[in-house]
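Chemist: Listed below are the residues making up each chain.
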Amino acid sequence: MLLSVLYIIGITAEAMTGALAAGKRHMDWFGVMLVASATAIGGGTVRDILLGHYPLGWVAHPQYLVITCVAGILTTYFARWVVRFHKVFILLDAIGLIVFSIIGCQVAMTMGLSPIICVVAAVVTGVFGGLLRDMITRRKPMVLHKELYASVAFIAGIMYYAMSYIGVHPDITTLITLITGFSLRMAAVYFSWSLPVFEFKEESFH
Amino acid sequence: MLLSVLYIIGITAEAMTGALAAGKRHMDWFGVMLVASATAIGGGTVRDILLGHYPLGWVAHPQYLVITCVAGILTTYFARWVVRFHKVFILLDAIGLIVFSIIGCQVAMTMGLSPIICVVAAVVTGVFGGLLRDMITRRKPMVLHKELYASVAFIAGIMYYAMSYIGVHPDITTLITLITGFSLRMAAVYFSWSLPVFEFKEESFH
Amino acid sequence: MLLSVLYIIGITAEAMTGALAAGKRHMDWFGVMLVASATAIGGGTVRDILLGHYPLGWVAHPQYLVITCVAGILTTYFARWVVRFHKVFILLDAIGLIVFSIIGCQVAMTMGLSPIICVVAAVVTGVFGGLLRDMITRRKPMVLHKELYASVAFIAGIMYYAMSYIGVHPDITTLITLITGFSLRMAAVYFSWSLPVFEFKEESFH
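Chains as they are written, first to last, in our numbering: chain A, 1 to 206; chain B, 1001 to 1206; chain C, 2001 to 2206.
Please note that the accuracy of each hint is not assured.
Unchecked claim - Each computed DSS-like pair below joins lysine-lysine, with the alpha-carbon atoms no more than 27 angstroms apart:
1) C:K2024 - A:K201
2) B:K1024 - A:K146
3) B:K1140 - B:K1087
4) B:K1024 - C:K2201
5) B:K1140 - A:K146
6) B:K1024 - A:K140
7) C:K2024 - A:K140
8) C:K2140 - A:K201
9) C:K2201 - B:K1140
10) B:K1024 - C:K2024
11) C:K2140 - A:K140
12) C:K2146 - C:K2087
13) A:K201 - C:K2201
14) C:K2140 - B:K1024
15) C:K2087 - C:K2024
16) A:K24 - B:K1024
17) A:K140 - A:K87
18) C:K2201 - B:K1087
19) B:K1024 - C:K2146
Everything labelled a hint here was simulated from the structure, so no lab data went into it.
Next up, chain A with everything else stripped away, as it sits in the complex (with noise of 0.2 angstroms):
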């Protein structure tokens, strides 16, 4: 019940952000509504797709689709608020992280797949979003560069995955790995913590 609500605030703001994405290569409503929606709805499918659980969450229930389009075409209009409060934004962006961390680990657990896959699945869920948006809009993808983020989405599914695995009650492992969660990435933007670059310079190969 948590988890869905922190879910529809979650894809909302993760939707803004690739429409503000959208807007800077200068797309059109179609444009910022498709990358609103592959940055907001993407992770799960991408996930979805690659576990082969079908149908996919937003063709189950469209009314997140139609979440994400709006949010997208309402952005074009409140961009200078959006920007104002970019603060707000790197905390919704956190939750956003988080939740969709945790149901890719859960989506997984219920298919019986192994503790490696159930963690991947959780990072799957939480990166892909972003990545999507940075590739359709041919940007640097920032979270192969920026501070801590897979990482944070790891430990969210290695954390809930332990927890569910030695019989914590659901809702307590879902407190708990949302609290961690967020606060790591929390700590990790304000004290930009990140991980090792690897910097290859040779020309020589390839």
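Since chain A is already given, all that's left is putting chains B and C on it; use the hints.
Modeler: Coordinates of chains B and C only, in the frame set by chain A:
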């Protein structure tokens, strides 16, 4: 029957535009066949993967894949001719757009999906081939910038769904959708009708 | 058995080329693991999604994913060493190409698909890993420009299908396809054999 003939005309024309895009990137014959096929049958492929509708059209009917590959390779020999008659291609592309949209809507309706998803299936089938072409050849995606394109697929999808729903004879539904959609697309090209564009310049947000 | 060993060698080598490509884009460790895995097991993943062949190989056998991630991360430490022995990688990549093509053909044959689709499955498995790598790291896709690559997968697919069809013993079929395909790829690299390139400069079309 009419739809099958128009479908083959449509994929042939789309494959030729795909081959030209590959030629601009100096791709080899394999690249030409890949981009030609992605342009022509990529929309239906993306739709079927999203809906979990297996087997894919070209897996069940490999002759469609053969047609797009052959059309792609022939285009490398007749590129000048294709350019000279590029107005014919605008017509053929418009026919393809509507035919693809109708087929996409039909597939989703056969699967018993909700009206929103049926219309989304029409748009995805009509639009994603061109999107894939532009992503593989790293061009600015045309359908997100220029004259009404996705919108025409959207309207064609709604028309087809609505007329089918109220029980109009399938042939008449197809014919009216084809004529209306085609006219709308031609008018959009002629009068340069387009969706509002969202230009967002603020660099401060991500 | 031989095929399994060669498959693991193949995905390890492909993962290492993926990691180097990620390093050229200054990606972090997550990016390195993502590009390494996409390069190594992306071809099989695309094939399985197109054919509706679930569960995907690495979902059923997560150890393959672990291998590609570990190989990717290790490459960040041993990049200089990888570059010094880059001729070894051309050999390993050629082995991977043929092994992937054979496995792709096998999967499609097991599903009872038509000969054309079996050969397409071979090409997709052999080629799409490298294509995904180049798309994520925004490079000119190598397989569409350089020495015979997709064509070698194509010929390996035809050989494997034809020999299986006429009833040659599976081990002999695999061995002959491996040797012929590998020799052909090595010859293509050595003599710079390539497909005709289509250069289309006309700016007037779109």
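Chemist: Determine for every hint whether it applies to the structure shown.
Modeler: Tested hints:
{"no.": "1", "hint": "C:K2024 - A:K201", "verdict": "holds, 6 angstroms"}
{"no.": "2", "hint": "B:K1024 - A:K146", "verdict": "violated, 34 angstroms"}
{"no.": "3", "hint": "B:K1140 - B:K1087", "verdict": "holds, 21 angstroms"}
{"no.": "4", "hint": "B:K1024 - C:K2201", "verdict": "holds, 6 angstroms"}
{"no.": "5", "hint": "B:K1140 - A:K146", "verdict": "holds, 26 angstroms"}
{"no.": "6", "hint": "B:K1024 - A:K140", "verdict": "holds, 24 angstroms"}
{"no.": "7", "hint": "C:K2024 - A:K140", "verdict": "holds, 13 angstroms"}
{"no.": "8", "hint": "C:K2140 - A:K201", "verdict": "holds, 17 angstroms"}
{"no.": "9", "hint": "C:K2201 - B:K1140", "verdict": "holds, 17 angstroms"}
{"no.": "10", "hint": "B:K1024 - C:K2024", "verdict": "holds, 26 angstroms"}
{"no.": "11", "hint": "C:K2140 - A:K140", "verdict": "holds, 16 angstroms"}
{"no.": "12", "hint": "C:K2146 - C:K2087", "verdict": "holds, 16 angstroms"}
{"no.": "13", "hint": "A:K201 - C:K2201", "verdict": "violated, 32 angstroms"}
{"no.": "14", "hint": "C:K2140 - B:K1024", "verdict": "holds, 13 angstroms"}
{"no.": "15", "hint": "C:K2087 - C:K2024", "verdict": "holds, 19 angstroms"}
{"no.": "16", "hint": "A:K24 - B:K1024", "verdict": "holds, 26 angstroms"}
{"no.": "17", "hint": "A:K140 - A:K87", "verdict": "holds, 21 angstroms"}
{"no.": "18", "hint": "C:K2201 - B:K1087", "verdict": "holds, 18 angstroms"}
{"no.": "19", "hint": "B:K1024 - C:K2146", "verdict": "holds, 16 angstroms"}
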